[in-house]
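> For the record, the sequence lines run as chains A and B. For reference, each letter of the first sequence is one residue, going 1 to 240 in the working numbering. For reference, each letter of the second sequence is one residue, going 241 to 470 in the working numbering.
Calculated directly from the structure, the hints in this document are not laboratory data. Keep in mind that the hints are not guaranteed to be accurate.
Below, a sample of chain A positions facing chain B; criterion: calculated Cβ distance under 10 Å [claimed, not checked]:
no., residue
1, Phe22
2, Leu23
3, Tyr28
4, Val93
5, Asn125
6, Cys126
7, Leu133
8, Gln136
9, Asp137
10, Pro178
11, Gly182
12, Leu183
13, Ile188
14, Gly191
15, Met198
16, Gly202
Derived pair list, reagent style BS3-like, types lysine-lysine, alpha-carbon separation capped at 27 Å [said to hold, decoys possible]:
no., chain 1, residue 1, chain 2, residue 2
17, A, Lys204, B, Lys256
18, B, Lys259, B, Lys464
19, A, Lys204, A, Lys106
20, B, Lys464, A, Lys65
21, A, Lys36, A, Lys204
22, B, Lys376, B, Lys319
23, B, Lys464, B, Lys255
24, A, Lys170, B, Lys464
25, B, Lys255, B, Lys341
26, B, Lys376, B, Lys259
27, A, Lys65, B, Lys341
28, A, Lys33, A, Lys170
29, B, Lys464, A, Lys33
30, A, Lys106, B, Lys319
31, B, Lys256, B, Lys376
32, B, Lys256, B, Lys464
Bear in mind that the values here come from a model prediction, so they are computed numbers and not experimental data. We put the beta carbon where it would ideally sit given N, CA and C, even for glycine.
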Amino acid sequence: MESTLDIFVKAIFSENMIFAYFLGMCSYLAVSKTVKTAVGLGAAVIFVLVVTVPVNYLLENYLLKAGALEWMGAEYANINLSFLSFIMFIAVVASIVQLVEMLVEKFAPALYGALGIFLPLIAVNCSILGGALFMQDRQYSTLLDATAFSLGSGIGWFIAIVAIAAIREKIRYSNVPPALRGLGITFIITGLMGMAFMSFMGIKYGKDKKEDKAATGMIDKAAPAVKTAKAITIKNEIND
Amino acid sequence: MSEVAEKIKEPLFSKKNRKLITDPLTDNNPVTVQVLGICSALAITVQVMQGVVMGASVIFVLVAGNLIISLLRNLIPSKIRIIVQLVIVASLVIIVNEVLKAFMPDVSEKLSVFVGLIITNCIIMGRFEAFAMANKPWPSILDGVGNGVGYAGLLILVAVFRELFGSGSLMGYPIFGSPIPTADNPLGTGLYSMGYMNNNMMILPPMALIIVGIIIWIQRSRNKDLIETH
Numbered sequence: 001m002e003s004t005l006d007i008f009v010k011a012i013f014s015e016n017m018i019f020a021y022f023l024g025m026c027s028y029l030a031v032s033k034t035v036k037t038a039v040g041l042g043a044a045v046i047f048v049l050v051v052t053v054p055v056n057y058l059l060e061n062y063l064l065k066a067g068a069l070e071w072m073g074a075e076y077a078n079i080n081l082s083f084l085s086f087i088m089f090i091a092v093v094a095s096i097v098q099l100v101e102m103l104v105e106k107f108a109p110a111l112y113g114a115l116g117i118f119l120p121l122i123a124v125n126c127s128i129l130g131g132a133l134f135m136q137d138r139q140y141s142t143l144l145d146a147t148a149f150s151l152g153s154g155i156g157w158f159i160a161i162v163a164i165a166a167i168r169e170k171i172r173y174s175n176v177p178p179a180l181r182g183l184g185i186t187f188i189i190t191g192l193m194g195m196a197f198m199s200f201m202g203i204k205y206g207k208d209k210k211e212d213k214a215a216t217g218m219i220d221k222a223a224p225a226v227k228t229a230k231a232i233t234i235k236n237e238i239n240d
Numbered sequence: 241m242s243e244v245a246e247k248i249k250e251p252l253f254s255k256k257n258r259k260l261i262t263d264p265l266t267d268n269n270p271v272t273v274q275v276l277g278i279c280s281a282l283a284i285t286v287q288v289m290q291g292v293v294m295g296a297s298v299i300f301v302l303v304a305g306n307l308i309i310s311l312l313r314n315l316i317p318s319k320i321r322i323i324v325q326l327v328i329v330a331s332l333v334i335i336v337n338e339v340l341k342a343f344m345p346d347v348s349e350k351l352s353v354f355v356g357l358i359i360t361n362c363i364i365m366g367r368f369e370a371f372a373m374a375n376k377p378w379p380s381i382l383d384g385v386g387n388g389v390g391y392a393g394l395l396i397l398v399a400v401f402r403e404l405f406g407s408g409s410l411m412g413y414p415i416f417g418s419p420i421p422t423a424d425n426p427l428g429t430g431l432y433s434m435g436y437m438n439n440n441m442m443i444l445p446p447m448a449l450i451i452v453g454i455i456i457w458i459q460r461s462r463n464k465d466l467i468e469t470h
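Okay, chain A solo, but in the shape it has when bound:
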């Protein structure tokens, strides 16, 4: 069993939303021109992820999953509503974003000034729905684990967007080939940052230490790319 801390650190570094799964790339590319707006959007993403993933976790476990309705009585035990999860998750995300926007506007006008314009954008940010779907896919065992995962993912996304915004601010003064300016160079820099982030895959988590050496590194059945990378590492180790 992974500890909560493992899940948290993994979500920030080796399973970073941007660099390992490319989630939320659209707003990542569109809102990373200056550090100030990037910080605003990043903070809003952390906030919304931390609110929505636990709510979706409860929905998943007490309403949607196969056998989740058991608490209502034995006759509901074999109902499986998981095909409804997409529509439920997106409805939860959209309505929570709307609610959060109204609450923040009413009770924290200063925060609203900083986050306000970004909140509606977030309803359609892939990383929020992605967080919910990964939570469903990985079947975290407790609410605390799911919350740790959402906080970690949010922080990972925040780090990524602030870093790229800082680089884009500086790159304005460099002589980039005209055809690469703007979007092209941003893609390539993100790729290079992704490579740098891949070095975090070497972090040893509590779970890995107990298993044999061949299984170290990044483990996740949800990521085909990462899985292949693991297969390669193992192959290389066998070759060595």
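We have chain A; now place chain B onto it with these hints.
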């Protein structure tokens, strides 16, 4: 009345309508120019097969969604339009997901959460907002086809490079021979017997970004109008 008259006058594939299909394929590509739908475009391009399935799913959702939104465009109150759009997309994606699970369980397993993420694929919402909310059903269908195919085309192009150089195969068929060593060929067969090796870097996530960056570079060197100032 004038609307009806215009409809009859305009041929089904007028020049304007043809442009709706051809533009997104090149100069107005949803991924490289409009910067929409990057999230899923990069994550599932390790193999061509996944790219094809993902492209087909997005074309279906986009065409059907564009049609529905376009038919409903005068009924949807503008304040809650995002939620209405999300519900329509989510229902279509549920259909796609169930079909994939039933008929292509392997691919469905590999795509995992990314089928669900079609809901928040910016192409879909972007085309709803920019086109279907303001246009008649037929042009909306064409716009959906054009953008869907433009997206699928780019996906497949990236996937071809990544699978060919990363795994030495296309659609799962080996192109360069087999890298598995045997008694006769200690290095494998085909190109591998001459010492060729797969580039494992291509399979990893960052390479997808770099390939798309290079495609953007080539496209913008050919068409100078697309160059950004910064």
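> For each hint, tell me whether it holds in the structure or not.
These are the hints, each one checked on the structure:
no., hint, result
1, Phe22, "holds (4 Å)"
2, Leu23, "holds (6 Å)"
3, Tyr28, "holds (8 Å)"
4, Val93, "holds (9 Å)"
5, Asn125, "holds (7 Å)"
6, Cys126, "holds (4 Å)"
7, Leu133, "holds (4 Å)"
8, Gln136, "holds (8 Å)"
9, Asp137, "holds (6 Å)"
10, Pro178, "holds (5 Å)"
11, Gly182, "holds (3 Å)"
12, Leu183, "holds (6 Å)"
13, Ile188, "holds (4 Å)"
14, Gly191, "holds (4 Å)"
15, Met198, "holds (7 Å)"
16, Gly202, "violated (14 Å)"
17, A/Lys204 - B/Lys256, "violated (58 Å)"
18, B/Lys259 - B/Lys464, "holds (20 Å)"
19, A/Lys204 - A/Lys106, "violated (45 Å)"
20, B/Lys464 - A/Lys65, "violated (52 Å)"
21, A/Lys36 - A/Lys204, "violated (34 Å)"
22, B/Lys376 - B/Lys319, "holds (21 Å)"
23, B/Lys464 - B/Lys255, "holds (24 Å)"
24, A/Lys170 - B/Lys464, "holds (24 Å)"
25, B/Lys255 - B/Lys341, "violated (40 Å)"
26, B/Lys376 - B/Lys259, "holds (16 Å)"
27, A/Lys65 - B/Lys341, "holds (17 Å)"
28, A/Lys33 - A/Lys170, "holds (10 Å)"
29, B/Lys464 - A/Lys33, "holds (22 Å)"
30, A/Lys106 - B/Lys319, "holds (19 Å)"
31, B/Lys256 - B/Lys376, "holds (13 Å)"
32, B/Lys256 - B/Lys464, "holds (24 Å)"
Consistency with the previously given hints fails for numbers 16, 17, 19, 20, 21 and 25, ordered from lowest to highest.
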